[in-house]
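Protein sequences, first through last, are from chains A and B. This note's numbering puts the first residue of the first sequence at 455, with every later residue one more than the last. This note's numbering puts the first residue of the second sequence at 46, with every later residue one more than the last.
Hints are computed from structural coordinates only; laboratory data are not their basis. We treat Cβ as the ideally placed atom computed from N, Cα and C, and that holds for glycine.
For the chain A half of the interface with chain B, some residues (derived, Cβ under 8 angstroms), not all of them:
no., residue
1, Ile-503
2, Ala-508
3, Ser-521
4, Arg-531
Residues per chain are reported as follows:
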Amino acid sequence: VSRTRTVDAAPLGAFEEQIMVAVLRTGDEAYGMGVRREIERVTARELTIGAVYATLDRLEAKGLLASTRRAGGSATRRVFSLTPAGARALEDTRVMRERLWDGIDFRSLLARARR
Amino acid sequence: MHDSAPPRLPLALLGLLLSRSERGEVLADVREEHAARLARDGPAAARRWLWRQALGSAPALLGWSWWREWSGFEPPANAYNPGGAMLRSWITDAQYAARRLRARPGYVLLAALTLGLGVGGTSAVFGITRGLLFDPLPYPHEREVGVFWKKSDWSEEEFQYVRGRFPGFRDVARYRHVNLRLQQEDAPMRLLPGITASAELFDVLGTQPLLGRAFRAGDDVTGAEPVIVLSYGLWQELGADPGILETSLALEGRSHRVIGVMPRGFWFPDPTVGLWTPLPPNENPTIFNSTLVGRVAAGQDLRALQQPVAQLTTMLDERFNYPPQFDKAVDARVTPIREDLFGRMRPALLATLASMALILLIACANVAALMIGQVHARTGELATRFALGANRRRLTQQLVIEAMLIAVVAGALGTALAWSGFRLLARALPLGPWTGVSTPDWTVFATGMVIAFAASLLVVLIPTLSLWRGELRGALSSARTGGLQGRGGRMEGGLVVAEVALAVLIASGAALLGRSVTKLYALDPGLQPESVGVVDVMLPGGFTRQRQRLEELTGALAALPGVRSAGAVQTLPLGGGGYRTTLVVEGRTDLDGVYTEYRIVTPGYLETLGFQLLAGRTITPGDRGDGERVVVINQAFAETYFPNTDPLGRLVGGDADAAAVVVGVVANAAERLLTDAAVPVRYVAAAQMGWLEQPQSLVLKADAGVDPLALLEDARRAVQSAAPDVAVRRTTTLSRVLAESVGPARQVMSLLSLLSGLALTLGAVGVYGVIAHFAARRRREWALRVALGLPASGAVTHVFRRGARLVVFGIALGVGVAAGLAGLLSPLLYEVRALDPIAFAGAAAALLAVGLFAAFVPARRAGVIDPAIVLREP
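Just chain A, with the same shape it has in the complex (with noise of 0.2 angstroms):
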């Protein structure tokens, strides 16, 4: 019995960016850990898998993602993809982030900030 099933028209927050693109560019990796460690190894960062778990699938319940069950490893895995709908929040969520860098220059401050 679900009630939280409508997509959710606010823009993606960061980690949920990040865990959907993770999807994207891990492909037929796109398992908990195989997303985990693809953002682990591009951001440097050490994530928890029990956030990449919980985001993964409250990211599903929002209908972003789908997720099929593959073999793999020793046991089978829930491997997730984007649905249409997931596809349309990520590419909406880049036009709003493009929209608000859109004409700032702030390297003079960046510069002073190296030196």
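With chain A's structure known, arrange chain B on it following the hints.
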């Protein structure tokens, strides 16, 4: 290799946090990653990673499982559908248990009330005694503080001689109780119980004041300014103004500067004491009137002081010439302060606490038996669930939840009970000056709840065991064959035995104390304490004024309506206190160093207390300072110092008084403690004395039919109007003094009797319930047998015999255990051995009677079986 396996604990933690449908998959992934890290970073780093993962995942995973329950989300790609997280099953079971319990209000009420009674009693007694038994004393490192032996008290001379060089001690202080009259503007004279002590006192106790300073060297020397330290309570009463420091209070007509306020919760030597003042020197250096308390160096053990103590007694012996009665080497030892303060109360309090815990255990056994009954009544249902795939864990979970719900109700009931009965119970316990110190607070609630949950877990253990014994398949088949059940019920039988045994424990404890107290009351105090009121007063001024005041006050009391006679004395009988002086008897030269009890009385005192006159006369108003000095002696005095001669007309005196002629002999009275043997005492006339002792006890005898308690308020008012500068210390009755003299055993006995009544009732209910259930389970069997020709009485005998066997078994067990534990009560017993056969027989007989009756009632009902009805039941 040993190192290559991932550590189990973090994996188990993760497994616990994950829902079952995800567990296997996630753990497999974690293991895989761990193996990869092991190969890359080494075992230590891999292990650390795993711990970080397990602990760091916990919040997210908890949130996840909560969110899943709440949203009901279940992915289509679940490992196995349907799965469901653990939380769901708990929620479902809780709802189910609540529904079931709502349908059985009688069962819930009985179980919760029974448990609540035990929980309430235990948490209340624990709350009251915690401060005395378990909480630390308000002195840092209390193990270093000890009280010197009190065989005889210590004199200033002795203290000053050894001061500063007590072997083995860092600091030693001398103190004694004083009562100081506080005069405030437009307020009646108040009497404040206080302590006067040498300057070392607060160094010994080690407690820092909240405000200002404590004593320091120089506070207790001649000519020093009088100063006081207040207790937190007294400071609050006086307005709680921090500016009280450097102000002065008028005590005993002298201005005392307030130098400090002790912190809240500090007391010494008991919580009634409100102030401490330095002990002035040279007030009376040879009188043995104070106690010594000392602190050993940090880390030293008080129990290893034999050698320093021996050194001290040698030092004292070299300097002082002690009469044998006051030899300081006798019983020389230092008692840890906790034992000195609470040692007398501890056995009584522990006995009460233990009895309450026993009641709780009995209640647990009762509820467990009730629950087994419930489980058996549900056998059909449980067996069906089991057959349909429910596992034992789930069935147990249901039982646990049911018990938890009952625990919540029982905890609430018990806490309410503890709260309302707290003060009542506190008054009933022998707490001495600590009565009224502990008040009910949130800890009573917390203790009650914790005890309730612990008890319910204990309770649920028994039916769970019976469930896990695996009689379910059999139960299902027997349900099919019409409910004919074979053996079983051994668990319930065990519960009854335990319950009866516990009740025997309490009852035999109560019986032992009861016998002891009866023996104490049977002792003849040599007085008639009935309808005698007591008013203790402190008289102001010099001796002449004191003596005059005393005459005025006894006159005022005797003139009160409803008062037959009145008198006064410096030391009441039965209080345990004594006042002794040296003795000189005409014609006896062998009495050097003999001290005897000595009482200064007014005319009317001996009559008021009901001393029996054996020969001659008592003290009369005609015995005045200008007449012949008279003395009245008691029988023990006459027998000891005038054997085979008539003491009347002989001369008796001592250091404290000139020789006086013996004018009368009275019967022995319990001048010291009720249990002390009669000692020689002489009574002299206050009007003929050159000094008086403080405080004075005014006594009055009420007319027949008049309650002395009702007269006490009148007496207090009469004292206050006759002499406004006299402070009344306390008002009481001689019967109460006698009751206090009987000691803590009396109060504990009343409580224990109450508790054993409760234990008997609970035990009877338990026996009844289990036997009734036993009979009910065999109804069909009996019906069949009766139908086949067994006389109905056969059923009665069988059921009754089972009950009787359990009760007798329980009694035997209980008596055995009680005999082993009775020694713990021996400090409370007087002239009763801990293994008193009469007490044990009495307790066993009471249990036997009640238990057999409780077994007989269901047995009789089992006899009236109509097979025609029973066998047609579905």
